[in-house]
Structures are given as C-alpha cells and as structure tokens.
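Here the protein sequences line up with chains X and F, keeping their order.
Going by the working numbering, the first sequence opens with residue 1, and the numbers climb by one from there.
Going by the working numbering, the second sequence opens with residue 1, and the numbers climb by one from there.
Hints are computed from structural coordinates only; laboratory data are not their basis.
Just so you know, even glycine gets a beta-carbon here, dropped at the ideal spot from N, CA and C.
Each hint should be verified, as a subset may be incorrect.
[What the hints assert, rightly or not] Pairs of lysine-lysine, DSS-like flavour, derived with a Cα cap of 25 Å: (1) 134(F) with 32(F); (2) 402(F) with 138(X); (3) 134(F) with 80(X); (4) 138(X) with 32(F); (5) 383(F) with 351(F); (6) 167(F) with 138(X); (7) 138(X) with 222(F); (8) 190(F) with 138(X); (9) 402(F) with 167(F).
[As the list claims (entries may be wrong)] Chain F is nowhere near these chain X residues, computed Cβ spacing over 12 Å in every case: (10) 184; (11) 213; (12) 316.
[Stated by the list, open to error] Selected chain X positions facing chain F (in silico; Cβ < 10 Å): (13) 5; (14) 6; (15) 25; (16) 26; (17) 285.
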Amino acid sequence: MNYRTDRIILIIFLLISTAVAFLPYFVQSEYLLRLITVVIFWIGIAGCWNMMSGYTGYIDFGPVVYFGIGSYVAAIAMTKYMVPFFPSLFLSGLISAVIAFFIGIPTLRLKGAYFAIATFAFAEAMKQISLEFDRTFKVSFFQGSDGITLPISGHDNSFFFYCILPVTFVVMLTHYFIEHSKFGYGLKAINEAETAAEISGVNTTANKLRAYATSAFFLGLYGAIEAYWITYITPSDVFNVQKTVQMVIMTLLGGMGTFLGPIVGATFLTLISESLGTRFVEYYLIMIGGIIIVTILILPSGIIGTLKIRKRLRFI
Amino acid sequence: MFLKSFRLVFVLLLIGLLSVGFAWGEQKKAWKIGVAVSLTGVFGKDGSLVKDAYTLWQETVNSHGGVNGASVEIIFYDDKSDPATTAKLTEQLIVSDKVDLLLGGFGSSQLFAASPVAEKYQYPLISGGASSNKLFDRGFKYYFSTLGKATEEVRGCVDIFTAVNPKPKTAAIVGADILFTSLACEGYKKYCESNGIEVIHHELFPMALQDYNSLLMKVKNKNPDILLVGSHLLVAMKTIKAMKEIDFNPKAVAFSYGPTVPKFVEDLKGDANYVIAASEWTPNMPYSGKVFGKASEFNQLYLKRFSRSPDYVEAAAAGGAVAQQIVIEELGLKPPLNKENRIKIMEALHKDKFETFYGKIEFGADGANEAHPPVAVQIQSGKLENVFPLEFAEAKILYPFKPWKER
C-alpha cells in the first residue's frame, strides 16, 4: 500500500514538474512568472535545508553561508576571470560543496546546540572574511562592503525560471532518493538514535557529510543564480541570516524530514506574504507571524509532517 | 400628462446618472505611482521616512488639483530591506499594478536591485535615498538620484575644519561595513588627505555590532583630534552613547547620516549637542520652487502633517517627485502613460534643470545630481544649525567639542 502511494506521489510530482516546465509558454505576465520562479527558488532552498537538517535532525543555522559562497564564486568568476555564466554556476556549486566537505569534518562531530552554534558562527565568519579580506591583504577580490556588480544579463524572467526549475527538480528527486535508499535510512537512523545507528554499522559521519555537502552544492547553485539575477551582491545581503531563518521556517511549516514539506511550506509562506504584503503593507508581518504560530499550534509537525503522522504514511 | 412627466424625470435621471458615471470615470484616471520601499528590516525606519515624504507630496499635489488635472495615487510595497524582494515588487508594480511611474525607495542595495528592472521596462526611477557611487557606473539611462554621490556627501564634514582654529591634525575614521557607510568613510579619507589631516585609525565594523565601547576604546587610545563616522541612524546613536560611557572626548565628531533624523535629538537630548553631520539640505537653505514653495515652507508643511521637521533624505525624495512632476507638466502628459511618454520623461530629466525647495536638481549623464553642494550641520542647543558651506551658514561651528564631564 505504502509503496504504491510512493509511486503515485512520484508520478504526480513528475507530471506537475513537466507541466510547470511549460508555464513560460502560457504565462504572459513577467511578474507572475517571476513570482512562480521565486516560489520554485524557495522550494529548492528549503529543500536543501531539509535534506540535511530535516532528515538527520542536525539543526544547521548557517546554510546561508553556501548560498553566499555560491554568489561570490559566480560573481568573481564572471567579473574577474570573464568566465561565462553556466561554467561559473557549476563552479559555484562545486566550491560550495568542497568547502562544506572540509567544514563538515569537524563540525558534524558536534551535536545539538553545539552544531547549530558552529554552523551559525561559520556563516558569520564568512561574512566577515568577505568584508575584511581585501582590506587586510590589500587586494581587490571580494570588494568588501562595496559589493560586486555582475554583468547585466539582459535575460528575461523565463531564463532564470529555466535555471532554477531544473535545480529544484533535482533537489526534490534527491529527497526521493533519500527516502528510498540505504543512505536515507542511515540519515533517518541518525535522527532517531545516532549511537544505536553507529553500533548497527551505519557510517554516521560519512552519511552526514554526504548530506551536508550535497545540500551545500545546491545552495551554491542558488546563490549563483540569484547573484546573476539581481546583478549586485554585498556580504550583508548574500550572507544574511534572514535567508537561513526563512528556509528553516518554510521547512518547519511544511514538515521536517518529509518529501512534500519544503514544497508546501515554501509555497504557502511565499504566496501568503505576497498576498498579504501587497494588501496590508503596515500589518502583514504581524498577520504572517500569527498564521505561523496558529499553524504550528494546530499542526505541530508541520502541515505535511502532521498529515504523515495522522494518516500513518511512510513517504510524502 | 403624467406619462410625459414621468418620461422627463426618467430622461433627466438617466442624464444625471450618466454624467455621474462619466465624472467618476474621469476621476478614476489618477496617476498611479509605485514605490517599493523598506518599511521593515534593517532599513525599516529610514524607508518609513521616505514613505512620509512621498505621502506629503501626494497630499500636497492632490490638494492643488493634482498633476495636469489628475490626482496622484501612490502604491507602497514593503521590500523587507531585501534586495531580491525589491526587484520582485518593482516588477509587480510595473507589470501587475500597471503603474504610470515609479519613485525610488531607500538603500543602495535595494536600488541596485530595482534599477535594472526599471531599466528593462524603461521606467524612470528617481531615488532620494541611495547615493553609492557604483549605482551610477552601470550606464543606466533611467536611474536618477537627487542625492550626490556617497563619497562627496561627507565633503562638508571635513572641509568645515578648514574654518576652525586650531585646525585638527589627526582623524580617526570608523564606519559600519555596508555600502553607503563604507563609501562615506572613503570620502572622509579622501577629503582628510586633501585637507592635510592625517588618518591615524581606519576601521569598518559590522552593522549589527553591539559593543561599541570596545571599538571606541581602541580609537580613544590613539587620541585622534577628530572622529569621523560612516553611519546610519542607529550607528550614530550607539556611537554617541558609547563615547559618553567611556568618556571619549575628541575635538569634534561627525557622522555621515543619522543626526539629521529628528529621533537623534529626541532620544539623546543634551548628549546630541556639538555633533556634526553631513547633509544635503536644511530648511533654512535659500531654495524655492514649484509645489512646496520655499525650503522653510516645506518644513512647515512637514511640521503640520507629521509634527516633526524633515530629514534631508526626505527632502531629497520629495525633491525627486517634484522634478518628475515638473517634467510631466511641461510635457502636458495625462495618465495612463505609455512607453513613448516615459522615454520622453527620461530624456527631459536628463536635459532639464529644476529649481525646487530642495535646491537645484541637475542630473548628469550617469543620473547623479550634479548641482547640489554638500552641507554640514551641527546640533547646537538641541537644534540643527547649518554650519557649512560658510556662505549659507546660520551659525558658527562650536569647536572644540565640550567634554562629557563638563556638560
């Protein structure tokens, strides 16, 4: 029964993704297309956080660091070394993943609040490094708080839509893979009882490291795409802790460690802020705060998380 | 007979209803102006000031019959101090709300994100709340700023020391590590060098810094003659509080932004005295023009509407709205505007010179206002007094700074 449900959900997901891919041909409004792109962007970003923290239970408070690294790698590659966008994009993901690998080795040995603090500190440290590096070493690399102006792409929103959609699609497929692989069971086992998992032969450190670096790879890609889209980056903007908060809240609202959680949480929060923000400019943040509190009180494991528990579903 | 009278009444009623309908239809053709501005987040406070300025402009214009007979309606959206949101909202205003024109919000990062969108759709975007030099280096035709470039804005704060005796020999420069304030620090450094003042300490710190005492203790130990701070409102307030706590008494302290916001004096009271600040406008400047009349009259309107005086950023924002209005009136345009109309507005903004309550506005090829002299003000007995340029000065600079323990 459960395996059939899994397959049905996967087929629905694939069908919806295919349909979404054709949206730029039907959506005439550039604004609407931007809004849809922003929703898909946040689904992916929240998915990256869920991939690591949702499944392992290791609360990462610094994922924005890989988003920021991705932004800076793309910006430096494009402006300083004249590398075209797509190779820069790949480089962003790669460098983010490599840095995550080396940062993960010591930090993923920490547990609970210590891990959260370490990741948060790393994100803040990277912000400071990008701010101070040039002044300290008398070079022009990160360009400190002056920021970097990227080349104006001249592309319309459909270009960025087609950059973001495949990345988000792969992020979500990775979730499916996590849900249906030994690697995924390993991650869930870490969440349930890490010591027991270790005794049972799960290489917990390697599993966490794989999840952490994979998540960083995708975050790097998103950072690069946003930098090219906005055309200007500063350390304060791309390493902004608000981005971390947003991806955590989206995942919590949708349901941590679930396949549909980031999709539902990111769509719900983005659309609700869009709808209320334009109608109630003065009060919308209070309203959104209220909605989040009520949702979490009624559905403590998030929208999908609670549904999963109540309906005893294995995978959604 | 009865039927005839009934028909007459019916016809009259129909005419009446139609004319009301037409009048309503006419009235509905208002100017729709879109503003994506930070009302929450780091720049929430500063963005709210810009919103007030545009609101006053809207109310004043509407009370005088609107622009070319059409009233003004402004749509404000909150970008949460997030550049990506600014870009999205700017596109929403243009594409979804179909606004006729845009006005700029607050913050260089925000305007960096909004301006490519405005450029793409060929919407002129005049801002009064961003002045980072890089904004003008991109070859955009549709971006304009009523403020001068950030490095130039602080010139008055350094040049003023040529008029004091004894002239300071050393300076310490500190500033928040965000674009505008770091550029202000660059400007301080440039003008210190040109005025023969040696910079003995130069440090940028995180915008979210809490412990200002340690930072300023380092500076105090170097004993500079003057302290120059690249600041926003909160940075300026925290700096003054920390200076008092550690009893740091340089001969003068100057800020790039903050002390001109009324809250600075309201909160710090007597501690705000002697503080020097960069400005681009004060109500006593001898400027006048359409819509608001004299600078002092703009101040009076502000006092009446918001029970406070405007800051120079608010004046710059309203000045930009007035410049755009003058162009629309000269071109005789009426809403709704099309692409050709907006191209004409952009061309006229580049070509024309505007005399306004905010002073002369003359946009260069890069969109920066080239006609505005930097001003320095000092808080004296709780009031902002214009102390530089000397020809417009309403008071002589109080120098040196009175030590905290003697106040």
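Here's how the hints hold up against the structure:
1. 134(F) with 32(F): Given pair residue 134(F), residue 32(F) is violated - Cα atoms ~29 Å apart, limit 25 Å.
2. 402(F) with 138(X): Violated, at roughly 38 Å.
3. 134(F) with 80(X): 17 Å, holds
4. 138(X) with 32(F): 48 Å, violated
5. 383(F) with 351(F): Not OK: residue 383(F) and residue 351(F) at ~38 Å, beyond 25 Å, violated.
6. 167(F) with 138(X): At roughly 31 Å apart (the allowed maximum being 25 Å), residue 138(X) and residue 167(F) break the hint.
7. 138(X) with 222(F): Answer holds: residue 138(X) to residue 222(F) is near 23 Å, not above 25 Å.
8. 190(F) with 138(X): Holds, at roughly 17 Å.
9. 402(F) with 167(F): 16 Å, holds
10. 184: Per Cβ check, residue 184(X) is outside 12 Å of chain F; nearest 32 Å; holds.
11. 213: Holds, because the least Cβ-Cβ distance between residue 213(X) and chain F comes to about 25 Å, which exceeds 12 Å.
12. 316: Check passes; 30 Å lies beyond 12 Å.
13. 5: Because about 36 Å separates residue 5(X) from the closest Cβ in chain F, which is outside the 10 Å limit, the hint is violated.
14. 6: 35 Å, violated
15. 25: Not OK, violated: residue 25(X) not within 10 Å of chain F, min 17 Å.
16. 26: 16 Å, violated
17. 285: 6 Å, holds
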